[in-house]
Each structure stands twice: as structure tokens, then as C-alpha cells.
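Trainee: One-letter residues, chain by chain:
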Amino acid sequence: MPDEPQVIDQPPPRQIIAPGYTFGSVTDQIATVVLTKKTPLFWFAGFAVGLSLLFLFLWSVALLFAKGVGIWGIRTPVMWGFAITNFVWWIGIGHAGTLISAILLLLNQRWRNSINRFAEAMTLFAVACAGMFPILHLGRPWLFYWLFPYPNTMHMQPNFRSPLVWDVFAVSTYATVSLLFWFVGLLPDLATLRDRTHSRFARFAYGILAMGWRGSARHWSVYETATLLLAGLATPLVLSVHTVVSFDFTIAIVPGWHSTFFPPYFVAGAIYSGFAMVLALAIPLRAAYGLQGLITDKHLDNSAKVMLATGLIVGYAYLLETFTAWYSGNVYEQAAIWNRMTGPYAVAYWSLLACNIVAPQFLWFRRVRNNPVFLFLSSIVVLIGMWLERYVIIVSSLAQDFLPSSWGNFHATRWDWATYVGTIGLFLFLFFVFIRLLPMISIFEVRTLLPQAKVEEGVQS
Amino acid sequence: MTASIYGLMAEFDNPGDLVKAARAAREKGYRKLDAYSPFPIEELSDALHLHRNKLPLIVLCGGILGGLSGYLMQYYVTVIYFPLNIGGRPLNSWPAYIIITFELTILFAAISAVLGLLALCGLPTPYHPTFNIPRFALASRNRFFLCIEAADPLFDRASTSSFLETLEPREVSEVAH
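Top line first, the protein sequences correspond to chains A and B.
Just so you know, this note's numbering puts 150 at position 150 of the first sequence, and the rest follows in order with no gaps.
Just so you know, this note's numbering puts 34 at position 34 of the second sequence, and the rest follows in order with no gaps.
Only chain B is shown next, with the shape it has when bound in the complex (with noise of 0.2 Å):
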């Protein structure tokens, strides 16, 4: 059956009790689910199984753009557009530029770094289901919640929601989309 609603959401006193729940849900086999917390968990990124993701890749990537671009420019300005022959020094000379290309890596990198997260959060984001809730607001304050959507394969409105009420939470409500 199609769910017209975005999915289940359980709400939880403590990181402890969801850390248990996002355990559960992950135990009976549910995959699309999320956790929302006030604060970095570690826990439960190791629950839901979220250890690997590509940003290290690119920033690696951006840092070695940065790093070559920035040397790349000081070579071709001081060697092929303007160069000055100061008593036979080489014209590639390459200590004095060590310095532009570190900065250049390290700007690339960061900036890399931002706009990956971003892309990889799907950020901005000027709409989201999970807003729906008014209680979500206390997701940002002190609560923890669970959510598992309904595009998951095994999810089903009765079933799922009775899953989540043995979780012990303080509240399940259905999340409109």
C-alpha cells in the first residue's frame, strides 16, 4: 500500500533511549530510517551505520585543485606572461612560490570542505517534512527523535507504529508530507 504520510516519528527523553531504538529499528531490519538530535551523537552515527562519507575525498580533491592552480598561476604570470630577467635568476623560481600555493590548497580545501557538506547534507533545504511536527522544533532543544519513512520497503502504518510504541517513547505521531 502507498503511504500518503512521510513517515513515523518517535520521540525520546534522552540519547541514550534513541541510541537503543535506532539499535532496534536497525535489528528489525528497517533501513530508511533517520535520527534527529541536538547535538552530535556518536553512538548513534555507529547505530544507523554512518561512518563513511565522501568528504575527505573532496577535500582532498579541492586541496589538490587549490595547490596546483596556485602554482600553476605564479608559474605562468612570472615564466610565460611577464617575465623579468633579474641578473639571470631562473625565471621558475620555485621557493618564492611555495607559499601562495599552501594558501591556495588550504582556500580550496575549505571552501571544498563547506560546499561538500552542503551537498552531502542536500542543504538548503527550505522544505522538510519532518517540520510537520510541532514538537520537531524541540529537536534543535532537548529531545531525540526517530524517524522511519515510509519509503521503506517493510514499513506499514499499524505495524510500524506499534514497533515504535514498544520502544518506550514519550510520543509516536505520524509525519504529514
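Chain A with its partners taken away, still in its complex shape (with noise of 0.2 Å):
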């Protein structure tokens, strides 16, 4: 045999910004997106869509201020229902914007830097809807502000050693950590705004935001070491606040809450159904703003190689959840998992192994991942699986602890399902508002990728 080196014709490369494109061209690309005078048709749907619940969204906490947490399914033992489930699938949701913004930015990912901006903005929109839930599950909403330490007439402090309280600092420190993010990723691209657009009112806005950056060399250089530390900041911040969110469970003896391995397990479920929200969002975004030469396949193909490795993560969460039970050798524990199997949620149980560990198997296929529609549909079933996951874990285990005889089912009301499909409303709304206000992908981390921004120098002295 001849060991003559074979000569295979291989495909160019995936890229992760299409050829062709120039400083120019990308800035105007996105920059038109924001400054044109004509809203597309898309926009105005998908708006009037996230405006409409969120006018659900309005009346179902006027409801709840005027009534009280009575008009949610919410009844002893299970009195966590809806509002915690919708909480821990918020917040986790929002983990998928860090990680891209902070993370894959240490790891020198450059593939996120046209994918960041949107992943950010989508982390802060799923923090807020998060937080609404824990503040309206008080039952005095207004009094919110008691969660904080702060002199009173009272005399009263929140008590420091409960992970509820824990939670209170972890996700408004991750609410603010993550605007402030954002922020600064925006501070260039306002400036583009200011110098590119012809109103005389944008010009303004865009300016006072933009605070007078004008690209200085020196300015660069501090910008790059901020960016830096914000994101290695960040990169604790946000395996943290999932590990709190996982604490108000598992610091409790309930059975079937209360075990180590929750942490990590939340962490990757976290990133799991974050990375199905941000391909939810990106693969209809871009078909319809054409932006498919920025956010490429190949970000598709990456978002989803993340979503199969998280998912098999929480796969084998699940197997191992089953497994300490049963090798704790306490009933209870034994009890809870087999009153999930086969108790009166059983069928939530398995419509979520169904959709978490079941459906992301097709990911292991290229073809799969290079179907947009195809893994729009997928994300979708995961999000749905990851909500049923918490509402699992949740109700199951309070509606049967210990005693028989102080077992419970949860039946969510009408008014459950509003304030929920509400904050969907809020979502989409805050996020329509964003892509119309703000430049969605970021135009100056874009540019770095462009050939043309490589300097060759040679040799040096």
C-alpha cells in the first residue's frame, strides 16, 4: 500500500460570521435594525403578542394585591405550587446569558460574541420575571422590602442563617451584576447609535447613554481589563446563585429535596434550559431581521452540542436521584421518589424524563443540529420539560412528606396559570422593546472577528 498522504477534499469550515463582511457592513447591518424608521411587521406581532399578556400579567397581580395569594392554587402542605416553579425556571433560564457573556468569554469562545448581547439581555428579562414571583408569593407584596437588612422601627433583621434570605442576596446581586454587564458591553455600540443616526432626539438618548465614549485607544485598554474582571466576577456569581436557588431546597428535611448533589444538578438543568431559550430566541430572530450571516449555523450547532452535554447532565441527575434513594436505605426518600413514579404526578414525571432526557438525543445528529426548525422545536420541548422538572420537585415533594395523613395534592387555579403565561407576557414584551431600542448583537465584538481586524505586524525590535 502506498502511505502517500490522501488528498480528502474537505468542506470549508463552518464559520461563525459569513465572508464578505466589512466594518462597515456589520454595523450597518445591525445598527439598521434599531435606527430604521420603518417597524417591521414581525416586530409589531411579536410585541402586540408579549403586550397582551402582559396586560394578563397586570390584572392577575391586581387581583392577587386586592385578594391575596388565596386566588392561586397554593393550599397546606403544598404551599409553594406555581410561584417557586415559575421562579427557579425563570431564574434558571437566565443562566444561559452569563454563562455566554462571562464564561465562554474566559475560555476565549469567540463564537459568543455575536450571540452575547441578545443571551444577556434575555438573562436580565428572565431575572425580572423571576423576581416578581418570590415577591408576589409574600402575601404582602408591597412590604417587600422587609427581605432587607436595613434600621427600622421594628427592630426586626431578616434572619441570616435561612437560604431564603441567602436568595434575597443572591438574585438581586445577580439582577444587578448582570445590568451592569450589560451596561458596559453597551457602552460602544450606544456610541455607534449617537454617530449614526439622524434624529435629533436618538442622537440625544444614544449620547447621554453613551457618555461620551469615543473609542480612545486609552479608554480600550481599561475597557478590555473591565470586561475582564466583570466576567470573571460573574463566572462565580452565577454558579452560585443556581446553588442558593437549589439551598432553599435542599437545607430543608423534606424528603426528596433534601441531598447534596442538588446543587450542581440545578446548575447544569440551569444552563440547560437557558441555552433552549436563547436558541428559542435567536433561530426566529434571525430568520426574520436576516441576520443569519452573523448568528451562523454554527452557533446554532454550538448552542445545541451545550444543550445535549447539559441535558445528559441532568439526565444523570436523574438516575443518581433515584439511586441515593434507594441506597439511602430511609423510606422516606424511598417513598417520595416512588410517589413521584407512580403517585398522582406520575404523569408530569414521565412527560419530563420524556422531554428532558428522551428528545435531546437527537442532538447527537448533524443533520438535527443544522435544522433550525427542527431545534427550535427541540428548545421548546425542553424549556417545557425543564418547567415540569421544578413543578415535580416542587409539588411532589410537599404534597407527600411524612404522614399520610397530612398529604395533599396541588390543583393550580386559572389564576396560577395567568400570572404565569403573564410573565411570559413580560418577557417578550421587555425583549421586543429591547431588539427595537438596542442593538441586539454586539457591533464592536462583531467587528473583532472580521480578517480585516487582525493587525500583522512584523518583526519587532
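Hints are supplied without guarantee of correctness; some may be wrong.
To be verified - Selected chain B positions facing chain A (Cβ under 7 Å, derived; list incomplete):
id, residue
1, Gly-16
2, Ser-37
3, Pro-40
4, Asn-53
5, Leu-57
6, Leu-60
7, Gln-74
8, Asn-85
9, Ile-99
10, Ala-139
As the list claims (entries may be wrong) - Restricting the straight-line Cα-Cα distance to at most 20 Å, the calculated cross-link-like pairs of lysine to aspartate or glutamate (DMTMM-like) are:
id, chain 1, residue 1, chain 2, residue 2
11, A, Lys-38, A, Asp-28
12, B, Lys-28, B, Glu-168
13, B, Lys-54, A, Glu-224
14, B, Lys-28, B, Asp-152
15, B, Lys-20, A, Glu-456
16, B, Lys-20, B, Glu-171
17, B, Lys-54, B, Glu-42
18, A, Lys-454, B, Glu-165
19, A, Lys-454, A, Glu-224
20, A, Lys-454, B, Asp-46
21, B, Lys-20, B, Asp-46
22, A, Lys-454, B, Glu-174
23, B, Lys-32, B, Asp-152
24, B, Lys-32, B, Glu-43
25, B, Lys-32, B, Asp-156
26, A, Lys-454, B, Glu-43
27, B, Lys-32, B, Glu-174
28, B, Lys-20, B, Glu-42
29, A, Lys-454, B, Asp-156
30, B, Lys-28, B, Asp-156
31, B, Lys-20, B, Glu-165
Hints listed in this document are in silico derivations from the structure and should not be mistaken for laboratory results.
Where is the CB? At the ideal position from N, CA and C, for every residue including glycine.
Combine the two chains into a complex, taking the hints into account.
Mentor: Dropping the structure here:
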């Protein structure tokens, strides 16, 4: 056999940006979406859906303020019901945005540059939706500031040994740091919009927000340091947030909750659902705005791979959860898992396994990952599956804990559904306002992806 | 002579030319110069000797301050202000304080990173002379600028201008105050 090197026609490597772009055309394509006077029909349709559901949310919140949390189906022993399910679901979705903006930045994954902006926006809005639920669930939501330690005439302070108070600090820190990181990332692009717009009002508004950014090399050098430091701070933060959320469960002694593997299991689940949301947003957006050259098939492929990997971790966690319950020798733990599989919530349990373990197995195939329609559908399936997962963990454990005499099932009311669907409206509303007013792709970071951005220098002395 | 202008600005087409020009200006002895580009260019920071800044120190201080205030706040509330004896357990239950201490460390560090960034860049800057050049709006799109400021001791309107012309820019213009 001749051992000459085989010549194989390699297909061109799939790129993270389509060839042919220039600094100018990248800038114009992204900025035009914001600066154009003509709003596409697609935007109005999406915005209308978001706005109507937002009104549904406002309606249910008004009713909640008037009548109390009794309008929801929460009754003893299931006092957490939908509210905490939705809280965990939303906050988990937010995690992918921080993963993309911070962790992938530290890992030097350059493909993140074109999806980090809207993923971070998704984080912010998801955290805003998440924050609604614990506050509305307080019973007297208008007194939410009692959660924070401040000098007051009651001489009362929060119990710092409670995971619920840890959660207040974790989630509010997460929201603040995400907002700061997002704003810092926006600064150079706000300056671009200020310089590109023809409207006086827009120039004034973007000018105020850009704070006089002028792309000076001195500024860029500090800016790069700041971005790296913020990414370094956000990385442990994002891992800690869902860990602390999982402490809400694991610190309690309720069977099915009290276990040490919840933190990694929750973090993996968060990233899993978050990437599903990234895909569910990116696929329609790039089609509607013709951004296939910037959000390429490579991005969808990579996101699908992350989804597959985290989905496998989640699948492993389900397996381990069952195994530890059996291996613990604790009858309550065993009964809790058995009740999940065969009890009143069996349908939800088996559907979550189908959605979260079986469905993502298709993502092993390149052909599936290359098909945006299929990817979109599978991300919706994962989002539903992850919601069911939180629902089953929370509701089934509370419904059937130790004494059968104190068992009771949860029945969601229409207001439970209205509040939940309403926050989806809030999310869509905020997201559509965002894509109309701010660049949904980070312009300056995409410029650095272009081959022209490379500085070729001779050997320096 | 006191120049009544802010400086001289040369416009370039691509990052490579800007970096070359910045290096040449440094070698010529100019120190009060700044470059403007639509995205960060590592070689440019190198050419202008901009590698060190105080931001990491500011963030470290912010983080330490946050951690200390997080811990001390919890210590004060649970040990001094509102001690609760629960089965004789120690009042200073430090393992329970770790999370809030950690969160406040991150929060304070992140806030100081952003405020430090703005402070070190001198932002917000409502007015800056460079914006007097109409073409400077392209610095946030696809053009690269090098500005030698009049405050530089070597600055001279005529000779600096002819020096900039040797760097083959698209255009050299005077920046009014």
C-alpha cells in the first residue's frame, strides 16, 4: 500500500461569521434594525402578543393585591406551588446568558461575540420575571423591602441563617451585576448609534447613555480589563445563584429535597433550559431580520451541543436521584421517589423524563443540529421539560412528605396559569422593546471577528 | 507657541496602518497622543504603552470592602443587635454567613469595576474636542484615527502635520477646541 498522504476535499470549515463582511457593513446591518424608521410587521406581531400577555399579568397581579395569594391554588401542604416553580424556571433560563457572556469570554470562545448581547438581555428579563414570583408569593408584596436588613422601627432583622434570605442576596446581586455587565458591553455600541442616527432626539438619548465614549485606545485598554474582571466576577456568581436557589430545597429536610447533589444538578439544568431559550429566541430572530450571516449555523450547532451536554448531566442527575433514594435506605426518601413515579404526579414525572432525556438525544446527529426548525422545536420541548422538572420537585415533595394524614394535592387555578403566562408576556414585551431600541448583536465585538481586524506586524525589535 | 487647537488628527483605513502610525509617532518622541478605533486593538495598546492600569486594584479593594461589610453586617445583627439563643448554639454561626459574604464581595467588586472604569476613562464626558471633526463619527464605524495633541512638547502645527502626512493617512485635519 502506498503511504502517500490522502488528499481529501475538506468542506470549508463552518464559520462564525459569513465571508464578505466589512467593518462598515457589519455596523450598518446591526444598527439599521434599531435606527430604521420602518418597524417590521414581525416586530408588531411579537410585541402585541407580549403586550397582551403583560396586561394579563397586570390583571392577575392586581387581583392578587386585592384578594391575596388565595387566588392561587396554594393550600397546605403545598404552599409553594406555581410561584416557586416559575421562579426557579425563569432564573435558570437567565443562566445561559451569563454563561455566554462571562464563562465563554474567559474560555476565549469567540463565537459567543455575536450572541452574547441578546443572551444577556434574556438574562436580565428572565431575572426580572423570576423576581416577580417570590415577591408576589410573600402575601403582602408591598412590604418586600422587609427582606433586606435596614434599621427600622420594628427592631427586626432578617434571619441570616435562612436560605430564603441567602436567595434574596444572591438574586439581587445577580440582577445588579448582570445589568452592569450588560451596560458596560453596550457602551461602545451606544456610541455607534449616537454617531449613526439622523434623529436629533435619538442622538441626544444615545449620547447621554454612551456618556461620551469615543473609542480612545486609552479607554479601550481599561475597558478590556474591566470586561475581563466583570467576567471573572460573574462566573462564580452565576454558579452560586442556582446553587443558592437549590439550597432553598436542600437545607429543608423534606424527602426528595434534602440531598447534596442538588447544586450541580440545578446549575446544569439552568444552563440546559437557558440554552434552549437562547435557541428559541435566536432562530426566529435571525430569520426575521436576515441575520444568518452573523448568527450562523455554527452558533446554532454549538448551542445545541451545549444543550446536549447539559441535558446528559441532567439525565445523570435524575438517575442518581433515584439511585441515592434507594441506596440511602431511608423509607421516606424511597417513598418520595416512588410516589413521584407512580403517584398523582406520575404523568408530569414521566413527561419530564421524556422531554429532558429522550428528546435531546436527537441532537447527537449533525443533520438535526443543522435544521433550525427542528432545533427550535426541541428547545421548546426542553423548556417545557425543565418547567415540569421544577414543578415535580416542588409539588410532589410537598404534597406527600412524611405522614400520609397530612398529604394533599395541588390544583393550579386559572390565576396560577394567568400569572405564569403573564410573565412570559412581560418577558416578550421587554425583549421586543430591547430589539427595537438597542443593538441585539454586539457590534464592536463582531467587528473583532472579521479577518480585517487582525493587525499583521513584522518582527518587532 | 501656544496652539489654539486641540491637536492634529490623522485618519486611517485599517487597524494595521493605525498601529504602524502610532508606533512611528511614539518613536518620533510624541507622548501626548491618542488613537481612536471602533474596536479594541491589542497591538495598539502595546504601541502606546497602555498595558498597566489601576482597575484591578480598585476591584480588589471593592471586593474586600464588600466581603468585610457582608460578614460584619451579619455578625452585628446576629451577635450584637438581635442575639437569639437557639439551644445554646454559637451566635457567630459563620458557615451560614458565607453565602451573603460571597454575594456582597461580588456585588461590591462589580460595582467598583464599573465605577472604576468610568473614573479611569473620565466618563461621562459631555464635550470632547475630537467630535468637532465631522468625519470622527466614523471612529465608531470603520475608520481609525490618530491624534497628536497640542499639549505635547514636540507639537508644532506645521512640522507635526507634515510628519502625519508621511504616515500615508487618508486625511489630516486640525481639531478645534
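Trainee: Taking the hints in turn, state whether each one holds.
Mentor: Verification of the hints:
Contact between Gly-16 (chain B) and chain A, as hinted, is supported at the beta carbon level, the nearest pair being about 5 Å apart and thus within 7 Å. A cut of 7 Å between beta carbons decides the hint on Ser-37 (chain B): the least distance to chain A is about 6 Å, and the hint holds. Interface restraint check for Pro-40 (chain B): the shortest CB-CB distance to chain A comes to about 4 Å, inside 7 Å, so the restraint holds. With a least beta-carbon distance of about 5 Å to chain A, the hint placing Asn-53 (chain B) at the interface is held under the 7 Å criterion.
With 7 Å as the threshold, the beta carbon of Leu-57 (chain B) stays out of range of chain A, its nearest partner Cβ sitting at about 11 Å, so the hint is violated. Against a cut-off of 7 Å between C-beta atoms, the interface hint on Leu-60 (chain B) is violated, since the closest Cβ of chain A lies about 9 Å away. Look at Gln-74 (chain B): its Cβ gets to within about 4 Å of chain A, closer than 7 Å, so that hint holds up. The interface hint given for Asn-85 (chain B) is broken, as the beta carbon of that residue sits about 13 Å from the closest beta carbon of chain A, more than 7 Å.
Proximity of Ile-99 (chain B) to chain A holds as hinted, the smallest CB-CB distance being about 4 Å (cut-off 7 Å). Proximity of Ala-139 (chain B) to chain A holds as hinted, the smallest CB-CB distance being about 5 Å (cut-off 7 Å). For the hint linking Lys-38 (chain A) to Asp-28 (chain A), the alpha-carbon distance of about 15 Å falls within 20 Å, and the restraint holds. Only pairs whose Cα atoms come within 20 Å are accepted, and Lys-28 (chain B) paired with Glu-168 (chain B) is accepted, the gap being roughly 16 Å.
A threshold of 20 Å between alpha carbons decides the hint, and for Lys-54 (chain B) with Glu-224 (chain A) the separation of about 13 Å falls inside it, so the pair holds. Distance check on the hinted pair: Lys-28 (chain B) and Asp-152 (chain B) sit about 12 Å apart at the alpha-carbon level, within 20 Å; holds. Between Lys-20 (chain B) and Glu-456 (chain A) the CA atoms are separated by roughly 10 Å; this keeps the pair inside 20 Å, and the hint holds. Taking the CA atoms of Lys-20 (chain B) and Glu-171 (chain B), the gap is near 16 Å; set against the 20 Å cutoff, the hint holds.
For the suggested pair Lys-54 (chain B) and Glu-42 (chain B), the alpha carbons sit about 18 Å apart, so the restraint of at most 20 Å is met. A C-alpha spacing of about 24 Å is found between Lys-454 (chain A) and Glu-165 (chain B), which places the hinted pair above 20 Å, so the restraint is violated. Restraint check: the Cα-Cα separation between Lys-454 (chain A) and Glu-224 (chain A) comes to about 17 Å, which is no more than 20 Å; the hinted pair holds. Using a Cα cut-off of 20 Å, the hinted pair Lys-454 (chain A) and Asp-46 (chain B) holds, with the two alpha carbons roughly 14 Å apart.
Among the hinted pairs, Lys-20 (chain B) with Asp-46 (chain B) is consistent with the structure: their alpha-carbon atoms are about 11 Å apart, no more than 20 Å. Using a Cα cut-off of 20 Å, the hinted pair Lys-454 (chain A) and Glu-174 (chain B) is violated, with the two alpha carbons roughly 29 Å apart. Taken as a hint, the Lys-32 (chain B) and Asp-152 (chain B) pair is honoured in the structure, with Cα atoms around 5 Å apart against an allowance of 20 Å. Simply put, Lys-32 (chain B) and Glu-43 (chain B) have alpha-carbon atoms about 18 Å apart, close enough for the 20 Å limit, and the pair holds.
Of the supplied pair hints, the one linking Lys-32 (chain B) and Asp-156 (chain B) holds, its CA atoms being roughly 13 Å apart against a limit of 20 Å. At roughly 10 Å between alpha-carbon atoms, Lys-454 (chain A) and Glu-43 (chain B) fall within 20 Å of each other, so this suggested pair holds. For a cut-off of 20 Å, the pair hint linking Lys-32 (chain B) to Glu-174 (chain B) stands: about 15 Å separates their Cα positions. Taking the CA atoms of Lys-20 (chain B) and Glu-42 (chain B), the gap is near 13 Å; set against the 20 Å cutoff, the hint holds.
With a C-alpha separation of about 33 Å, the suggested pairing of Lys-454 (chain A) with Asp-156 (chain B) is violated against the 20 Å cut-off. Taken as a hint, the Lys-28 (chain B) and Asp-156 (chain B) pair is honoured in the structure, with Cα atoms around 13 Å apart against an allowance of 20 Å. Restraint check for Lys-20 (chain B) and Glu-165 (chain B): satisfied, since their Cα atoms lie roughly 13 Å apart, inside the 20 Å limit.
Checked against the numbered hints given earlier, this structure breaks hints 5, 6, 8, 18, 22, 29; the rest are met.
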